[in-house]
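Per my numbering, the sequence shown runs over residues 797 to 1059.
Pairs of lysine to aspartate or glutamate, DMTMM-like flavour, derived with a Cα cap of 25 Å:
1) LYS893 to GLU930
2) LYS949 to ASP872
3) LYS949 to GLU1025
By construction, these hints were calculated from the structure, which means they are not laboratory data. For clarity, every value in this text was computed on a predicted model and none was experimentally measured.
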Amino acid sequence: MLTPSIGVQTRSLRQPLRRALATAAELGAVGVEIDLRTELSIADFSQTALRQFRKLLNDLGLRVLAASFPTRRGFDEPEDLERRVMATREAMAFAYKLGAGVVIGRAGELPDEDDAPLSDTLVQSLQLLGAHGERVGARFAFASGAPVAAQRKLLDRVGDGAVGVALHPALLIGGGVEPVEAATRLGPDTLHVHAVDAVREASIAGGRATEVQLGRGEADFPALLAVLEEHGYRGPITIERNDTKDPVGEIGDAMAYLRSLGG
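All chains, full assembly: derive it from the sequences and hints.
Pasting the structure below:
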């Protein structure tokens, strides 16, 4: 069974960043996923601040496994597109300085129909980010609950493994997509995995997912990890927990659950 590096999404701990880092270390995480929009200000981060932050991580025995940079709109929307692309490029360069090889964001709206065309604006924007990733050392990965065929089509159109996916089971379940199916089709291009579980409420028009404790939802994590192992996935998996009154306790439980799968 695949035993990936287990990290914690610091934002999920609902603590100031420095305290969240300490908590992640106390929980036994090997690294963290940091939000570069809400937890760190790239513009205000001097070289001195960068050195101090990396020393803090080293003292805690942590690595930055990934960085997230969720934009308000996707790369399929022309309005303010250049600014959105430039900001994401800056985040990718900064993430690499922190030690992360992946920046997670949103791509944009993807069609539900297999024969529906993809947005040229979206494809070209991701191609630009892919080329930038080759230069700076941190690649862009999008998290989506869109149909697997649409995600696969987008990756193929962008081409050459320029960008990848951040597999997000809760988003997939909310979109009516089986996470194991997504791992099967998207495994070769999976750059990151979120450990987050959910159940889908099909009775609601369009369906939606309600987040639950890891291992208690519809995501079959043993099968998911087995499929990723078949694809040679060696990246990290970061625990995400949003809808809970006890984030620290439930993230600790999630870590124990993931470790039990590898044991």
